[in-house]
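Protein chains: 6
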Amino acid sequence: MSQSLLCPDAFLSPLEIDKAVTRALAEDLGRAGDVTSIATIPDSATAHAIVVARNGGATSGLPLVAAAFRRLDPEIAITAHMRDGVTVVAKTALMRLTGSARAVLAAERVALNLLGHLSGVATATHEFVRRVKGTRTRICCTRKTTPGLRALEKYAVRCGGGFNHRFGLDDAMLIKDNHIAVAGGIRPVLERARASAGHLVKVEIEVDNLHQLDEVLTVGLADAVLLDNMSVDDMRKAVAMVAGRFPLEASGGITLDTIEAVAATGVDYASSGWITHSAPSLDVALDIDI
Amino acid sequence: MSQSLLCPDAFLSPLEIDKAVTRALAEDLGRAGDVTSIATIPDSATAHAIVVARNGGATSGLPLVAAAFRRLDPEIAITAHMRDGVTVVAKTALMRLTGSARAVLAAERVALNLLGHLSGVATATHEFVRRVKGTRTRICCTRKTTPGLRALEKYAVRCGGGFNHRFGLDDAMLIKDNHIAVAGGIRPVLERARASAGHLVKVEIEVDNLHQLDEVLTVGLADAVLLDNMSVDDMRKAVAMVAGRFPLEASGGITLDTIEAVAATGVDYASSGWITHSAPSLDVALDIDI
Amino acid sequence: MSQSLLCPDAFLSPLEIDKAVTRALAEDLGRAGDVTSIATIPDSATAHAIVVARNGGATSGLPLVAAAFRRLDPEIAITAHMRDGVTVVAKTALMRLTGSARAVLAAERVALNLLGHLSGVATATHEFVRRVKGTRTRICCTRKTTPGLRALEKYAVRCGGGFNHRFGLDDAMLIKDNHIAVAGGIRPVLERARASAGHLVKVEIEVDNLHQLDEVLTVGLADAVLLDNMSVDDMRKAVAMVAGRFPLEASGGITLDTIEAVAATGVDYASSGWITHSAPSLDVALDIDI
Amino acid sequence: MSQSLLCPDAFLSPLEIDKAVTRALAEDLGRAGDVTSIATIPDSATAHAIVVARNGGATSGLPLVAAAFRRLDPEIAITAHMRDGVTVVAKTALMRLTGSARAVLAAERVALNLLGHLSGVATATHEFVRRVKGTRTRICCTRKTTPGLRALEKYAVRCGGGFNHRFGLDDAMLIKDNHIAVAGGIRPVLERARASAGHLVKVEIEVDNLHQLDEVLTVGLADAVLLDNMSVDDMRKAVAMVAGRFPLEASGGITLDTIEAVAATGVDYASSGWITHSAPSLDVALDIDI
Amino acid sequence: MSQSLLCPDAFLSPLEIDKAVTRALAEDLGRAGDVTSIATIPDSATAHAIVVARNGGATSGLPLVAAAFRRLDPEIAITAHMRDGVTVVAKTALMRLTGSARAVLAAERVALNLLGHLSGVATATHEFVRRVKGTRTRICCTRKTTPGLRALEKYAVRCGGGFNHRFGLDDAMLIKDNHIAVAGGIRPVLERARASAGHLVKVEIEVDNLHQLDEVLTVGLADAVLLDNMSVDDMRKAVAMVAGRFPLEASGGITLDTIEAVAATGVDYASSGWITHSAPSLDVALDIDI
Amino acid sequence: MSQSLLCPDAFLSPLEIDKAVTRALAEDLGRAGDVTSIATIPDSATAHAIVVARNGGATSGLPLVAAAFRRLDPEIAITAHMRDGVTVVAKTALMRLTGSARAVLAAERVALNLLGHLSGVATATHEFVRRVKGTRTRICCTRKTTPGLRALEKYAVRCGGGFNHRFGLDDAMLIKDNHIAVAGGIRPVLERARASAGHLVKVEIEVDNLHQLDEVLTVGLADAVLLDNMSVDDMRKAVAMVAGRFPLEASGGITLDTIEAVAATGVDYASSGWITHSAPSLDVALDIDI
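So the sequences go chain by chain: A, B, C, D, E and F. Note that our numbering has the first sequence beginning at 7, numbered continuously upward. Note that our numbering has the second sequence beginning at 7, numbered continuously upward. Note that our numbering has the third sequence beginning at 7, numbered continuously upward. Note that our numbering has the fourth sequence beginning at 7, numbered continuously upward. Note that our numbering has the fifth sequence beginning at 7, numbered continuously upward. Note that our numbering has the sixth sequence beginning at 7, numbered continuously upward.
Please keep in mind that the hints were generated in silico from the structure rather than gathered at the bench. Keep in mind that the hints are not guaranteed to be accurate.
Said to hold, decoys possible - If you anchor each label on the Cβ, the simulated ranges turn out as follows:
hint : chain 1 : residue 1 : chain 2 : residue 2 : range
1    : A       : A99       : C       : G191      : 37 to 47 Å
2    : B       : P48       : C       : D214      : 35 to 45 Å
3    : F       : D295      : E       : A267      : 28 to 38 Å
4    : D       : V95       : C       : L216      : 52 to 62 Å
5    : C       : P14       : D       : A246      : 52 to 62 Å
Claimed, not checked - Calculated lysine-lysine pairs in the BS3-like style (CA-CA distance at most 30 Å, straight line):
hint : chain 1 : residue 1 : chain 2 : residue 2
6    : D       : K182      : D       : K243
7    : F       : K182      : D       : K25
8    : A       : K25       : F       : K182
9    : E       : K139      : E       : K97
10   : F       : K243      : E       : K182
11   : D       : K243      : B       : K25
12   : A       : K182      : A       : K97
13   : C       : K139      : C       : K97
14   : E       : K25       : D       : K25
15   : C       : K25       : A       : K25
16   : B       : K25       : A       : K97
17   : E       : K182      : C       : K25
18   : F       : K243      : C       : K25
19   : E       : K25       : A       : K25
20   : A       : K139      : A       : K243
21   : E       : K25       : F       : K97
22   : E       : K97       : E       : K182
23   : F       : K97       : F       : K182
24   : B       : K25       : F       : K243
25   : E       : K25       : B       : K25
Computed from a predicted model, the values in this text were never measured in an experiment. C-beta atoms are modelled at their ideal positions from N, C-alpha and C, and glycine is treated no differently.
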């Protein structure tokens with residue numbers, strides 16, 4: 007909370023930071039630790055190091071970087087030049103460190119893997135956000151995240167200027183084709199959902215075509231509608247039909263090539279799984295001087 | 007071990023499978039579970055489902071898929087059509103399931119996220135492997151993995167036909183520029199490494215140029231040499247200089263564009279961080295019939 | 007999922023069941039287990055046992071009871087007469103068991119503590135629900151739960167016929183006096199909330215008086231309003247003012263004495279912390295015959 | 007140990023404090039944290055807050071309160087006015103805090119839930135203790151505790167001036183009717199118990215009537231006897247029969263209505279499950295000024 | 007509980023078995039598993055194996071052995087010839103297995119390490135027990151156990167025919183010199199202990215000489231006395247002085263050389279740290295036929 | 007890393023230290039903590055204490071000792087006189103402490119158990135190392151370690167001057183008789199191993215006789231050979247045959263009685279399971295002055 011490295015508009019639990027860093031260090035240190043440095047670097051040696059973004063992008067993961075180095079050297083001196091949630095150009099120095107050389111070398115890869123992965127997600131998100139600037143469309147993520155990293159990746163999406171969809175199956179209802187089929191149609195499924203949902207649970211329903219959307223408008227009861235794999239043309243018609251009564255989310259086929267056309271339709275949200283499950287890592291490095 | 011879904015040439019601990027599946031389910035189910043299905047699907051409903059690879063690629067993660075569904079419905083019937091470590095064309099059915107509809111829907115996204123991510127890594131690896139077919143070059147991974155998923159991603163690399171580099175800092179020595187500098191040169195660093203390493207620890211040293219390689223050849227003591235960011239031309243010379251005395255690993259700038267030229271030089275290994283940290287997810291889906 | 011003991015309208019994760027049962031058994035078995043039974047009961051002895059509700063109430067926790075006994079005797083035979091979410095009269099047999107006498111005795115207290123606690127919550131909830139029957143008012147819980155048992159107690163509330171408020175700080179926004187004060191008033195706080203919240207996050211705001219409610223109506227942007235410690239009279243006026251534009255939740259001073267008057271005002275929800283943090287345990291017992 | 011907030015006569019492991027606080031924070035923060043405060047409170051804002059007991063009672067849980075706030079803001083300033091194990095009147099300020107406003111708001115409910123629950127147990131215990139003042143009777147707890155909270159609730163019982171019964175099945179023998187029946191009577195069961203128990207394990211036996219008590223007196227071998235659901239009259243006779251040879255514990259039907267009569271019989275211990283499984287939460291609050 | 011491999015007179019929690027086996031397998035399998043067998047043994051190969059005690063001794067750990075193999079091959083066929091708590095001669099076959107060859111080889115070392123260690127403790131204990139046969143002296147352990155293995159080693163002591171001392175600091179009081187000194191003498195320390203201890207907590211006090219023992223006899227209040235590093239002569243006098251009023255435990259310098267003389271003094275317990283912290287492993291092996 | 011108590015030539019992860027200390031404290035403190043000290047020592051009392059090696063030996067475990075005391079009293083003052091990896095004579099003071107008396111007494115046994123166990127391993131190792139001084143033979147450990155303590159015991163071996171064999175099944179290949187038999191001989195097994203192993207995995211093969219060794223020399227492909235239970239005479243012949251082409255490890259029957267003769271043969275490594283699975287604990291104590 008007092009960790010000024012966090013993106014001010016988003017949350018990453020200190021418990022989650024500790025767990026992620028501990029897990030990542032444990033898998034890299036293994037049972038014998040950095041055997042190369044133990045053999046070749048005196049345990050009294052000190053290192054100075056700079057965390058650098060080799061490519062430009064949006065930052066995410068700096069609190070985890072600091073935590074990784076501190077976990078191995080509690081007395082390491084850290085000066086941050088950036089915090090999460092900013093965009094930087096290539097070759098930007100993000101953070102400076104002075105501490106035990108063995109600790110710096112042992113935590114290096116873990117710190118960079120965390121920063122590279124999350125900044126990759128933030129950068130991909132930010133690229134979409136940049137394209138929709140000036141429109142009403144917000145970029146949002148999905149539940150197609152890397153297993154075990156959901157809270158971190160959802161945070162990274164916020165760092166990149168995006169919005170979060172559901173964090174899990176439990177924090178909102180999203181009614182899909184199977185639910186509609188089993189319940190026997192759009193009206194009964196929405197009635198069942200409303201009968202079950204409390205007043206703090208949103209109900210979104212997925213529609214494949216404008217006919218279904220029309221039915222949702224007739225029934226009411228939905229808080230939001232997901233337009234699944236619709237053409238840009240149909241999206242535009244959907245926006246007109248709904249006329250602001252509830253938010254519309256465009257999903258399916260949202261890429262950097264299509265996003266501007268999608269945003270031009272006036273949908274409220276465009277959601278992409280790609281920004282979490284397939285965004286390439288941002289190229290980050292540690293320049294070390296022992 | 008008796009889990010015939012595992013790639014026969016690689017290992018994924020049943021402990022690791024349980025942990026990964028539990029972690030992934032926990033983060034998706036959250037505190038209230040699949041509130042949509044609870045509201046709209048009777049708890050007695052049964053679903054039939056097929057796990058499908060929408061795109062072609064190399065499979066990895068099927069034991070985790072089975073484990074995820076079994077974790078929520080211990081009596082689910084599973085028929086596997088494929089195991090890990092095979093290549094499939096687009097639209098291949100990988101596995102069939104019949105079980106509790108609520109369980110199938112609740113585990114769907116977790117199963118697909120695991121399968122898509124690992125098959126993405128396997129597919130990327132396999133693409134490299136395909137390009138070097140007929141050469142002596144083996145494709146291998148690095149420690150640039152997604153934090154928390156190292157054992158899984160290393161397994162996926164094997165599923166794609168690749169080889170594993172170090173699993174962590176502890177299972178082999180890799181001497182880099184900082185180690186050389188602090189130790190005072192190639193001879194002293196290799197002597198220190200050998201004095202510390204037991205007989206079951208390999209010592210690899212990274213060189214930037216042929217001059218350094220020459221020094222390594224003079225000193226001896228190395229089990230392998232990493233050629234860091236060398237030109238294809240220098241790689242070819244390095245292969246000639248070493249003449250099979252130890253394996254040579256090319257690293258840095260290994261892409262699908264360069265891999266064939268690199269392999270043509272005769273290096274023993276070409277290592278890529280991209281296949282683990284930036285490989286896009288394979289497109290997999292669950293076709294459900296309730 | 008296939009566990010037919012679960013209340014059909016609610017969810018309790020099998021992961022959560024395992025964790026809760028393991029934790030409870032671990033704290034009761036300690037390091038040496040049931041030293042009394044080891045000393046006095048042959049390890050080959052078999053016990054027949056009946057889980058009985060000594061008092062009437064609403065059931066919650068039967069899947070945990072089964073899991074506790076199975077954890078110590080995987081081959082125990084269990085016949086359930088009831089499932090979670092039903093109301094029973096005093097002296098109802100809920101479940102029959104036949105298995106290892108030592109296992110039955112060792113798991114007895116853990117099973118009863120789980121069942122008694124959760125059925126206590128369900129019974130308290132159900133008592134409120136019974137009083138509001140025929141009105142539009144739904145009973146709901148709060149975040150005032152027993153530490154470590156939130157998911158279980160929220161499930162128990164559903165078993166008793168209640169609805170769930172937020173599961174945590176993260177699944178909906180609830181704007182309170184401090185948030186309003188820091189943001190500088192009702193309009194700015196609601197605007198900030200909306201600017202930050204995605205389309206699947208509800209925004210509820212707490213008001214102390216009808217003047218504030220009026221302001222909320224003017225501003226719009228809220229999905230629900232919490233009437234904090236208002237008189238029944240003011241609640242009635244609030245219902246009239248809002249006229250169904252969003253749900254109203256009455257909170258503060260909701261007791262069995264006041265609930266009927268509160269429900270008569272027409273509020274949509276009445277929320278009580280007492281049903282989770284102070285509901286007395288339901289009296290349940292195990293009749294054993296070895 | 008150096009935590010002066012602990013009750014001086016009781017123990018709560020720092021490991022247990024960390025675990026309880028982490029678990030409670032994790033379940034409240036969820037995956038996205040305090041989304042309301044992130045949206046509406048600047049991350050630089052500071053809050054002053056006072057933990058207040060709204061009702062009078064016995065304190066228990068203050069070290070957990072401090073730990074919860076520190077976990078989210080390691081630099082928070084905390085001034086304690088009270089420690090655990092004291093009795094306070096209504097409206098007593100227990101602790102003052104100055105720290106990150108977001109951290110204070112995010113930890114508030116967790117801190118209060120812990121404090122309210124444990125102080126509720128301590129207060130209930132203390133109420134019994136107050137009634138027996140001047141008699142030889144000590145109030146003690148049972149194993150009927152809230153699942154997962156045994157160590158904490160046993161500690162709270164000590165904070166309220168009570169004594170602890172067994173912490174689990176493993177730290178003493180308590181012979182009940184089933185054990186007696188299987189072993190073939192009071193003599194054989196006590197002999198088996200003694201043959202198995204080491205010299206640091208107490209053996210208590212439960213009797214339903216004075217005839218059984220007489221048999222225990224004849225056999226000897228017991229360290230304590232539990233009088234199960236006996237009338238006050240029989241308790242008095244039991245005290246006379248035993249004449250101080252071992253402690254007598256009255257159990258069953260111990261309520262605030264009966265406790266004084268029970269204590270008047272001269273029994274050494276009166277044990278109540280109600281003080282742990284059904285004590286209402288103490289009303290505690292946080293007054294915040296941001 | 008239904009696990010007939012457990013010693014019938016002792017307890018080992020199934021939770022503890024799972025934890026110990028999982029931890030041991032995880033540290034041996036590491037991140038890549040049994041790389042040798044994956045390379046050289048087909049995954050379809052079946053192995054027959056026999057667990058053999060190469061030396062004679064007392065068995066302890068067979069349920070862990072079975073659990074380790076089952077964890078890697080849930081369908082392995084296991085036939086036990088012995089259970090825990092028996093003494094066997096050299097070359098005794100303890101258990102037969104038929105299952106996946108890879109699983110058998112991967113679990114082999116873990117299974118043997120567990121069995122060898124615990125049977126080593128049981129055998130050492132049994133050797134002491136054998137020497138005191140026919141006397142009233144019971145052999146018991148201490149808290150000088152291998153870190154992390156206390157519950158397992160205490161169980162092994164029971165398998166060898168010994169008795170357990172305290173399992174931890176919490177299940178009995180043992181007053182030592184520092185406690186006596188701070189409290190200001192034997193009377194005040196025993197009074198403080200009694201004032202704090204409930205009726206199910208034994209109080210033992212350590213004395214260095216007969217003068218102190220005399221004082222304990224005068225004060226009363228102690229449930230047992232530990233004779234610390236006393237001569238055999240003084241032990242004999244102590245036995246006479248106490249005359250059965252409470253158990254006497256001889257501690258310090260208890261070895262196989264001294265135990266018979268110690269037992270001849272008539273003390274009730276002789277406790278040894280050596281049987282847990284320094285007992286050599288029993289030589290056990292796995293004969294495999296693939 | 008900055009923990010100067012670690013042996014400079016070896017590694018023990020701070021994560022592993024925390025886990026080991028937490029686990030050991032948890033099992034000793036149990037649910038109620040040090041009930042004796044709570045009853046008899048004021049919570050304000052301060053203790054001075056000295057950690058002493060009563061016998062001479064090699065030190066290992068001092069960072070764990072410091073961590074154990076700090077875990078219970080974060081403000082304890084610690085002055086170390088020794089670090090891990092040195093040899094000390096009997097009665098050497100290793101560390102001085104000043105802190106909460108209750109914390110010192112509560113952590114005492116855990117600290118000593120950790121230090122005694124690991125220093126026992128280090129001392130046993132060192133005794134072997136001392137015997138081979140001046141020869142080319144290095145002492146190394148095996149995978150026959152105490153379950154759950156592998157990383158700690160491997161570290162202790164290094165503290166005693168020994169070398170580490172494999173840390174688990176995954177960090178090197180060791181081909182044994184079963185692998186050879188299934189693969190159909192020494193040539194095919196080595197070819198399979200090489201085909202599977204990457205360039206950072208050593209391949210060692212176990213041979214029973216010189217004939218097999220000859221075959222390994224013919225085939226090549228092995229990085230090291232383990233001479234299993236060979237006579238000293240055959241070891242000498244093996245050394246001559248191999249002539250330094252790869253390291254030779256003597257295994258089986260390595261005891262303090264045989265080690266000098268084994269070393270005289272010129273083998274590179276002599277490995278002993280005894281130093282980890284059966285080394286007696288070093289006698290260490292805490293002298294306390296409250």
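Under the constraints set out in the numbered hints, which ones does this structure not fulfil? Those not satisfied are hints 4, 7, 8, 10, 11, 12, 16, 17, 18, 21, 22, 23, 24.
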